[in-house]
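Single-letter residue listing:
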Amino acid sequence: MLSKDPYNLIITGVGGQGNVLASRMLGNLMSAQGLSVTIGETFGASQRGGSVMSHLRISSEGAWSPQIPAGGADMVVALEPIEALRVLARYGNPKVKVLANSRSIYPVGVISGELAYPSLDDVKKWVAELSDRSWFIDATEAAMNLGSAIFGNVIMVGALAATKELPIHREAFGQAMEAAMGPEKAKKNLKAFDIGVEMVGG
Amino acid sequence: MSIAKHPAGERRLYMGNEAIARGALEAGVSVAAGYPGTPSSEIIETLAKAAKDADIYVEWSTNEKVAMEVAAAASFAGLRSLCIMKQNGVNVASDFLLHLAGSGTRGGMVLVPCDDPGALSSVNEGESRHFAKMVEVPLLEPADFQEAKDLTKWAFTLSEELRSLVFVRSVTRLSHASGTVVPGEIPAPRRDAKFTYNGFILDPMEGPVMSAPVTFKHGQQQEKLKRAEEIFEDSPFNTYAGPDNPELLVIATSACWLYAREALRMLNAEGKAGLLKLATTWPLPRKLVKKHLAAAGKVLVLEEVLPFTEENVKVLAQEAADEIGHKPILGKRDGHVPMTGELNPDLAADAVAKALGAQVPEVDPDYKTKAGQYAFFGAPNRDLTFCPGCPHRASFWSIHNTLAADGREGFVCGDIGCYSMAVLPSGFSTLKTLHSMGSGTGLASGFGKLGPFGLNQPVMSVCGDSTFFHAALPALVNAVHHQSDITMAVLDNSGTGMTGFQSHPGLPTDALGNEVPAIDIEAVCRSLGAEVRVTDPFDLEKTQQTLHELLETKKGVKVLILRQACALSPQRKGKKDFDMEVDAALCRGEDCGCNRLCTRIFRCPGLVWDATAGRARIDEVICAGCGVCASICPAGAIIKKPVSAQAA
Ligand code: SF4
Ligand code: SF4
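Quick note, the sequences are listed as chains F and R, same order.
Okay, so the first sequence: first residue is 1 according to the numbering used here, each after it adds one.
Okay, so the second sequence: first residue is 1001 according to the numbering used here, each after it adds one.
Take the hints with a grain of salt, since some may be wrong.
[As the list claims (entries may be wrong)] DSSO-like mimics (lysine-lysine), calculated; alpha carbons at most 30 Å apart, straight line: (1) R/LYS1005 x F/LYS188; (2) R/LYS1226 x F/LYS187; (3) F/LYS95 x R/LYS1576; (4) F/LYS188 x R/LYS1573; (5) F/LYS95 x R/LYS1133; (6) F/LYS191 x R/LYS1370; (7) R/LYS1368 x F/LYS191; (8) R/LYS1576 x F/LYS97; (9) F/LYS4 x R/LYS1555; (10) F/LYS187 x R/LYS1370; (11) R/LYS1370 x F/LYS188; (12) F/LYS187 x R/LYS1354; (13) R/LYS1575 x F/LYS124; (14) F/LYS124 x R/LYS1370; (15) R/LYS1573 x F/LYS125; (16) F/LYS185 x R/LYS1368; (17) F/LYS185 x R/LYS1370; (18) F/LYS164 x R/LYS1573; (19) R/LYS1641 x F/LYS125; (20) R/LYS1354 x F/LYS185; (21) F/LYS164 x R/LYS1368; (22) R/LYS1049 x F/LYS97; (23) R/LYS1576 x F/LYS188; (24) F/LYS187 x R/LYS1368.
[Stated by the list, open to error] Rough simulated footprint, nothing fancy, chain R against chain F, three-plus residues with beta-carbon under 8 Å: (25) 20 to 33; (26) 57 to 70; (27) 94 to 107; (28) 156 to 167; (29) 192 to 198.
[Claimed, not checked] Here are a few chain R residues that face chain F, going by a calculated C-beta distance under 7 Å: (30) ASP1144; (31) LEU1384; (32) GLN1457.
No lab work stands behind these hints: they were computed from the structure.
No residue lacks a Cβ here, since even glycine has one placed at the ideal position from N, Cα and C.
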């Protein structure tokens, strides 16, 4: 079921983007299929504009360290583009794959004009150079078209499913959503999931 | 579905803190109390959500000492009780802790302190384990998620067998990480609480509960520890994997066991090194540890924060030297493992590799250099800042500017909460001291008495509403009583914002959602005799005027309550007061004489400097619509429009 055991997935973003919820959603999905999932998170800065990361170890064996060893990521999902670069510096390796939301969130230092934020083209070029494969999608834009930025992370989950790196199934996702929030909201989330799948071209 | 409803035997993904909560429920806990603090808070939150289903009582107490007392009362009445706090909370509770260890307990009572190695969300790297040794009670340390549940549950049994409080120590990487757990059964709720006190004075179950007569009780306590050691010798929670005579014995506790196991795999060293997971860390099961020491060539201890187990093992190795011979023991004391910061699989692998003379596998150095460079240039740092629309940014803006205008080098003593960030530029570097809960006002009380020694700077302190009740109140009483000349700003954002809106005595709802009497901070301060003013921090002008007046004209203790709800609070989150806009025609950009007060100094993430246009701009997705920045701009370029007008 897994291309590598443990499969090491890092979800990164900025505090307030829903990193923790996204990692839990994925963790629950894979745990429900009988896989052992260990998730390590950085919480402290979660709502105060800091960089945040969740480490997911997906395994058929049992618990792993909640921190992935340096150079050990198999897939990086970045909810904000430059966060992918930050994660690759420590956890990247030539075989890593990267899926990134292209919508930027500026650090305070950039807002105040003290620091510079790179162009998206540069970020894409650098990430491509540092990875085996990479995908950049504007999940926030697509989510706003769907009615709210909250759907951005579900779109990212759909996109991740479409990379076929992990056993994430549409039906299982739909069922989990329905159990958690009822049929009405589940439908909308399933739509977001499908949009994500399409954006990666699954 | 609350955690109490999860069926036994069904695999779940639990956060370490949820696993601890479930373990307590499976032990039949009746009462749980604590004070919020990262990384411990989700234990009480989880239990509070499950309280109805499980028929238990859960509270956020005023501070950690009170929490421990509330939980102990349940134990004295024969019930099982749980008490939780972050590492430094144990310091607050420690006076009662010492006496509770002496008096003993009745119903099973467990204390879960959650330490924060590396201070990921703390202003200290405190250790709670030494308290267990110091007050002489048993200490357990779970190493993974299933064990966090199982060990918590068993701790209650142990507590009842010994009639002693038991520590279950967690760490951030366990409390805030998640893993697979299989829940067990939850027993029926208890309804037989009774406090018995008429028995013989020395009877632990029927007499009065106290730590006197001291030497007698102290002796009993040490007997309990001996008994604990015997029980620990055969505990299934201590496990060993590896060769019979390992070249290297790694003794690992808590999350370090997961790091150590991964390190041994990374190095392919499982044939040479053995791994002893020690879950019962105080008192040490001496026979068990001795047996493993005797079989090993050398020893490496992996643990987080201070070398607690390392030192205990070293004492044991010395005492048993005749039996087991000399064993080199590597760890923190000799610098083999870093003395500060948290560990991780890489640091564990380094330590094992150094001990075995092995090599840690490395990522291609060219890749690492390139990735490092791209991150350096392409990923500018994200400094922590107050949320968009946070009342603290406005409060500190006013405090900072008023003190600057006053010109007497006034300063502010800080305290613990989101507002601690005001030591940073995001809070205009307003805070000049930062220690423990309530210490800002205590320090201010002391500074305020230094006038006769020549100190003529205005003295201020800040504290949040939860902190006010926790420990600032005694300091305020002290300042009033001793006529210290200080101004205390209470940042009343109606909730424990930092840790996620837990209840506190100033609020009308408790942890269980019940309506409760709220204690009015303003009335408390007035009744103490302080000069009290209340303003809305979003009204910058009035706040600054009021503060100026307090600093200039009043003597003694002055309290300025800055009342405005946290931007993330349920009543404000997602609701804008205003639609904001920068009028590009009015904004003078870099030419403005203000030196870009708006984006360079005030720095709300919702107000962005658009370098290409040379103008400030509102980011609508991020702006919380509080309207404060409109009062900052000297050119009146930032405009607030009523939200309704736009909607119409
Ligand atoms: S109105 Fe101004 S200060 Fe308030 S959140 Fe928006 S940008 Fe920030
Ligand atoms: S304070 Fe006003 S005029 Fe000055 S730079 Fe900011 S928006 Fe422009």
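Hint check results:
1. Restraint check: the Cα-Cα separation between R/LYS1005 and F/LYS188 comes to about 28 Å, which is no more than 30 Å; the hinted pair holds.
2. Taking the CA atoms of R/LYS1226 and F/LYS187, the gap is near 61 Å; set against the 30 Å cutoff, the hint is violated.
3. Of the pairs offered as hints, the one joining F/LYS95 and R/LYS1576 is violated, with about 45 Å between alpha carbons and a cut-off of 30 Å exceeded.
4. Restraint check: the Cα-Cα separation between F/LYS188 and R/LYS1573 comes to about 23 Å, which is no more than 30 Å; the hinted pair holds.
5. Of the pairs offered as hints, the one joining F/LYS95 and R/LYS1133 is violated, with about 48 Å between alpha carbons and a cut-off of 30 Å exceeded.
6. At roughly 39 Å between alpha-carbon atoms, F/LYS191 and R/LYS1370 are farther apart than 30 Å, so this suggested pair is violated.
7. The straight-line distance between the Cα atoms of R/LYS1368 and F/LYS191 is roughly 39 Å, outside the 30 Å bound, and the hint therefore fails.
8. Between the alpha carbons of R/LYS1576 and F/LYS97 the distance comes to roughly 39 Å, so the proposed pair goes past 30 Å and is violated.
9. Straight-line distance between C-alpha atoms of F/LYS4 and R/LYS1555 comes to about 70 Å, which puts the hinted pair past the 30 Å bound.
10. Simply put, F/LYS187 and R/LYS1370 have alpha-carbon atoms about 43 Å apart, too far for the 30 Å limit, and the pair is violated.
11. A distance of roughly 41 Å separates the Cα atoms of R/LYS1370 and F/LYS188; the hinted pair therefore is violated under the 30 Å criterion.
12. A C-alpha spacing of about 55 Å is found between F/LYS187 and R/LYS1354, which places the hinted pair above 30 Å, so the restraint is violated.
13. Proposed proximity of R/LYS1575 and F/LYS124 is contradicted: the alpha carbons are some 35 Å apart, above 30 Å.
14. Distance check on the hinted pair: F/LYS124 and R/LYS1370 sit about 15 Å apart at the alpha-carbon level, within 30 Å; holds.
15. For the given pair, R/LYS1573 sits about 37 Å from F/LYS125 by alpha-carbon distance, which is inconsistent with the 30 Å threshold.
16. Taking the CA atoms of F/LYS185 and R/LYS1368, the gap is about 43 Å. The hint is violated against a cut of 30 Å.
17. Of the supplied pair hints, the one linking F/LYS185 and R/LYS1370 is violated, its CA atoms being roughly 44 Å apart against a limit of 30 Å.
18. The straight-line distance between the Cα atoms of F/LYS164 and R/LYS1573 is roughly 37 Å, outside the 30 Å bound, and the hint therefore fails.
19. Annotation: proposed proximity of R/LYS1641 to F/LYS125 is violated, straight-line Cα distance about 42 Å (limit 30 Å).
20. This hinted pair does not check out: R/LYS1354 and F/LYS185 have alpha carbons roughly 54 Å apart, beyond 30 Å.
21. Straight-line distance between C-alpha atoms of F/LYS164 and R/LYS1368 comes to about 27 Å, which keeps the hinted pair within the 30 Å bound.
22. Restraint check: the Cα-Cα separation between R/LYS1049 and F/LYS97 comes to about 39 Å, which exceeds 30 Å; the hinted pair is violated.
23. Distance hint between R/LYS1576 and F/LYS188 is fulfilled; the C-alpha atoms sit about 25 Å from each other, no more than 30 Å.
24. Our distance criterion of 30 Å between C-alpha atoms is broken by F/LYS187 and R/LYS1368, whose separation comes to about 43 Å.
25. Counting residues of the stretch 20 to 33 of chain F whose CB lies closer than 8 Å to any CB of chain R gives 4, so the stated coverage by that chain holds, three being the minimum.
26. Evaluation of the coverage hint for the stretch 57 to 70 of chain F: fulfilled, as 9 residues show C-beta separations to chain R shorter than 8 Å, against a requirement of three.
27. For the stretch 94 to 107 of chain F, the proposed coverage by chain R is satisfied: 4 residues have a C-beta within less than 8 Å of a C-beta in that chain, meeting the threshold of three.
28. Here the stretch 156 to 167 of chain F counts 0 residues with a CB under 8 Å from a CB of chain R, which misses the bar of 3, and the coverage is violated.
29. Counting residues of the stretch 192 to 198 of chain F whose beta carbon lies closer than 8 Å to any beta carbon of chain R gives 0, which falls short of the minimum of three for the stated coverage.
30. This hint holds: R/ASP1144 has a C-beta 4 Å from the nearest C-beta of chain F, less than the 7 Å allowed.
31. Given hint, R/LEU1384 at the interface with chain F, holds; its Cβ is 5 Å from that chain's nearest Cβ, closer than 7 Å.
32. At its closest, the beta carbon of R/GLN1457 sits 29 Å from a beta carbon of chain F; the interface hint therefore is violated under the 7 Å criterion.
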